[in-house]
Amino acid sequence: MNQSFETLVYEIRESLGMALAALRTNKLRSILTLLGIAVGVFSIIAVMTAMGVLVSSIESGLSQLGVNTFQVQRRPIFHSNDPRERAKIRKRKFIKYEQGLRVKENATQAKAVGLESWQFGRIVVTPFGNKTNPNVSLAGEDIEGFTTNNWAIGDGRLFTSEELSAAKSVAIVGMGVVEKIFPKMDPINQTVRIDGEEYQVIGVIERKGGMLGGNFDNFVAIPLTTYFEVYGKDRDVHIMVQSTDRETYDDCIEQVRGILRTARHVAPGDEDDFYIFSNDSLIERFNEVTYYVRLGILLVSAIALLAAGVGIMNIMLVSVTERTREIGIRKAIGARKTNILTQFILEAIVLSEFGGMIGILLGVIAGNLAAVFLEIPPVIPFDWAAIGFFICSIIGIAFGVYPAWKASNLDPIESLRYE
Amino acid sequence: MNNSEVINLQQIIKTYDMGGAEEVHALRGVSIQIRKNEYVAIMGPSGSGKSTLMNIIGCLDTPTSGLYEFNSVNVSEMNDNQLAKVRNKEIGFVFQTFNLLARSDALHNVELPLIYGGVTSADRKRRAREALEHVGLGDRIHHKPNELSGGQRQRVAIARALVNQPSILLADEPTGNLDSKTGDEIMQLFEELHRQGNTIILVTHEEYIAEHAHRIVRIRDGMIESDQTINKRTPALADQGR
Numbered sequence: 000m001n002q003s004f005e006t007l008v009y010e011i012r013e014s015l016g017m018a019l020a021a022l023r024t025n026k027l028r029s030i031l032t033l034l035g036i037a038v039g040v041f042s043i044i045a046v047m048t049a050m051g052v053l054v055s056s057i058e059s060g061l062s063q064l065g066v067n068t069f070q071v072q073r074r075p076i077f078h079s080n081d082p083r084e085r086a087k088i089r090k091r092k093f094i095k096y097e098q099g100l101r102v103k104e105n106a107t108q109a110k111a112v113g114l115e116s117w118q119f120g121r122i123v124v125t126p127f128g129n130k131t132n133p134n135v136s137l138a139g140e141d142i143e144g145f146t147t148n149n150w151a152i153g154d155g156r157l158f159t160s161e162e163l164s165a166a167k168s169v170a171i172v173g174m175g176v177v178e179k180i181f182p183k184m185d186p187i188n189q190t191v192r193i194d195g196e197e198y199q200v201i202g203v204i205e206r207k208g209g210m211l212g213g214n215f216d217n218f219v220a221i222p223l224t225t226y227f228e229v230y231g232k233d234r235d236v237h238i239m240v241q242s243t244d245r246e247t248y249d250d251c252i253e254q255v256r257g258i259l260r261t262a263r264h265v266a267p268g269d270e271d272d273f274y275i276f277s278n279d280s281l282i283e284r285f286n287e288v289t290y291y292v293r294l295g296i297l298l299v300s301a302i303a304l305l306a307a308g309v310g311i312m313n314i315m316l317v318s319v320t321e322r323t324r325e326i327g328i329r330k331a332i333g334a335r336k337t338n339i340l341t342q343f344i345l346e347a348i349v350l351s352e353f354g355g356m357i358g359i360l361l362g363v364i365a366g367n368l369a370a371v372f373l374e375i376p377p378v379i380p381f382d383w384a385a386i387g388f389f390i391c392s393i394i395g396i397a398f399g400v401y402p403a404w405k406a407s408n409l410d411p412i413e414s415l416r417y418e
Numbered sequence: 000m001n002n003s004e005v006i007n008l009q010q011i012i013k014t015y016d017m018g019g020a021e022e023v024h025a026l027r028g029v030s031i032q033i034r035k036n037e038y039v040a041i042m043g044p045s046g047s048g049k050s051t052l053m054n055i056i057g058c059l060d061t062p063t064s065g066l067y068e069f070n071s072v073n074v075s076e077m078n079d080n081q082l083a084k085v086r087n088k089e090i091g092f093v094f095q096t097f098n099l100l101a102r103s104d105a106l107h108n109v110e111l112p113l114i115y116g117g118v119t120s121a122d123r124k125r126r127a128r129e130a131l132e133h134v135g136l137g138d139r140i141h142h143k144p145n146e147l148s149g150g151q152r153q154r155v156a157i158a159r160a161l162v163n164q165p166s167i168l169l170a171d172e173p174t175g176n177l178d179s180k181t182g183d184e185i186m187q188l189f190e191e192l193h194r195q196g197n198t199i200i201l202v203t204h205e206e207y208i209a210e211h212a213h214r215i216v217r218i219r220d221g222m223i224e225s226d227q228t229i230n231k232r233t234p235a236l237a238d239q240g241r
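Residue numbers (numbering that gives the first Met the number 0), protein chains in the order written: chain G, 0 to 418; chain A, 0 to 241.
The hints are simulated quantities; they were obtained by calculation from the structure and are not laboratory data.
Beta carbons are placed, not taken as given, at the ideal position from N, Cα and C, and that holds for glycine.
Hints should not be assumed to be uniformly reliable.
[Stated by the list, open to error] Computed spacing ranges between beta-carbons, pair by pair: (1) A:E191 x G:A385: 36 to 44 Å; (2) G:A385 x A:E68: 51 to 59 Å; (3) G:R12 x A:Q195: 47 to 55 Å; (4) G:A306 x A:A20: 20 to 28 Å; (5) G:R28 x A:R27: 42 to 50 Å; (6) G:E418 x A:Q227: 33 to 41 Å; (7) A:E76 x G:R293: 52 to 60 Å; (8) A:G18 x G:A20: 31 to 39 Å; (9) A:S120 x G:A385: 28 to 36 Å; (10) A:Q10 x G:L31: 52 to 60 Å; (11) A:D138 x G:I11: 51 to 59 Å.
Make a model of the complete structure from these sequences and hints.
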């Protein structure tokens, strides 16, 4: 056991040396072969790294929802391609304010439940004539909505619960709006007009930035009660729920789901007539959407790797022929078939790993160009790098076996005579 | 005297099938016994079958029929792995063309049989170094073959052959690629090794090389033509006390 281990250690070292020597003596041929492997591994790693970057972008983007927060709304955020599915979703009833209150009262696992409703494409006007483009979003919020939206008040203050219950005409504005209509003045206590209604600005929300280049600062928030008075009470409401901690998050989702199913009279066994989205569900959806992209890349890579494997086999066959005499010497001195076999298979693996390493390196770099572009931290997909190495080993073995078998079966007498 | 037979060949026949009905009878019934610490030269013109005989003695090949006992173990029916083990432990080869690994230094070349014998690294290094010192190359252990002269290369090959302390040293035209002066030096080394108790089998077609041996076996047409012992002062044990 110990003896064969010593021999194996030697064989690994020797194979490494042989592979490097083969690389040196047949530079162009080896580089071309390695290129094949590198391209195949590169495309896998580059795509998987880019996917990893996008997923982490979604994760950081979603922190616009506070930590451990999920949101319930009527429609899914990604639209289905199936017309029947779309029709079904269109027919869904609004999530009513009362249903939101039911969740607020009964969700014991929740730390905070925020309710909100949105109008899009509004124009905000100042008394002295500054106005925004018609692209400002207007949110009716309750107080907890600021927590669950992860909105931090910069200047000014949040509205009080008295102002909320009395439906006061107060507004808290996002930085996007401030920059547009109050470029050189303090917006606090100014008056703005939206859809003909006047609001007093009492606070400013700190900058949020945006996910994938979007803008989350171009909005105005008013008390939810005020919103209902202006736009009517029969509005679709979003429910945002923050669980007490990470551990209770899943339980909390289930509890809220149960409360809403009861409130909306969903029969047991029927599917939910609302959509819960969390970081997990978003990522899941992202993976679904990109499934075919990844499948296609894997297929192309597999073909590239197959071609590269044939290249490895070719170079190994040449190597066996060139070293016929050396094989003869080794055999005369006492190498067994398995010694020769192992040595040559290992050499094929080393060659293949060499190409794989280049591919992984370039792939990680290329994939992270997306991270640079999106200004988020780079991702190193260790799992895919490991898979890349594994694949290279498989290729080395699969395409190295035949040349190695050929080498191990050479007749020692003939080999020693080989010139 | 030690009478134990290292090699016992009985009626060895080797026939090569050249395809179709054509057969080449390389050996037609060779019987020969070689005892421990003998110094035997096997001679014969090319095509006589001496190479075939050497390959069979060296366990690189197996006979078509006949009995080959090596240290009283029947090796004529061994499989590849068993033969590899015998070659590794019991036979030291010295070739006409040295047959060293070009990319490896002298030490590494000498280590090779120990590696396949599964000797641990530290032990290996020490033994390989000792073997090189033994043939007078203690100061050349890290030279590659192309940095050594022909005679030095052959010494490395001899060190490699001896490192596993084999039962026989099998040399195939060991001076064929050397100038006569260097050849003489190598032959002196063989004589010294013989005096130290090694069993040496020398395959050659040159009379003056064969004369170094103490027994000359001549082969012709696949059969033994003559087998003569040359009366020299018996070496080995007597000389060790010197």
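Structure-based check of all given hints:
1. A:E191 x G:A385: 36 to 44 Å: With Cβ atoms ~58 Å apart, the hint is violated.
2. G:A385 x A:E68: 51 to 59 Å: With a Cβ separation near 55 Å, A385 of chain G and E68 of chain A satisfy 51 to 59 Å, so the hint holds.
3. G:R12 x A:Q195: 47 to 55 Å: violated (33 Å)
4. G:A306 x A:A20: 20 to 28 Å: For A306 of chain G and A20 of chain A the Cβ distance comes to about 47 Å; the hint is violated.
5. G:R28 x A:R27: 42 to 50 Å: holds (48 Å)
6. G:E418 x A:Q227: 33 to 41 Å: holds (36 Å)
7. A:E76 x G:R293: 52 to 60 Å: holds (58 Å)
8. A:G18 x G:A20: 31 to 39 Å: Holds, since G18 of chain A and A20 of chain G (Cβ atoms, about 38 Å apart) stay within the stated range.
9. A:S120 x G:A385: 28 to 36 Å: With a Cβ separation near 30 Å, S120 of chain A and A385 of chain G satisfy 28 to 36 Å, so the hint holds.
10. A:Q10 x G:L31: 52 to 60 Å: holds (56 Å)
11. A:D138 x G:I11: 51 to 59 Å: The hinted range 51 to 59 Å is violated for D138 of chain A and I11 of chain G, with Cβ atoms some 31 Å apart.
The structure fails to meet hints 1, 3, 4, 11 from the earlier list, while all remaining hints are met.
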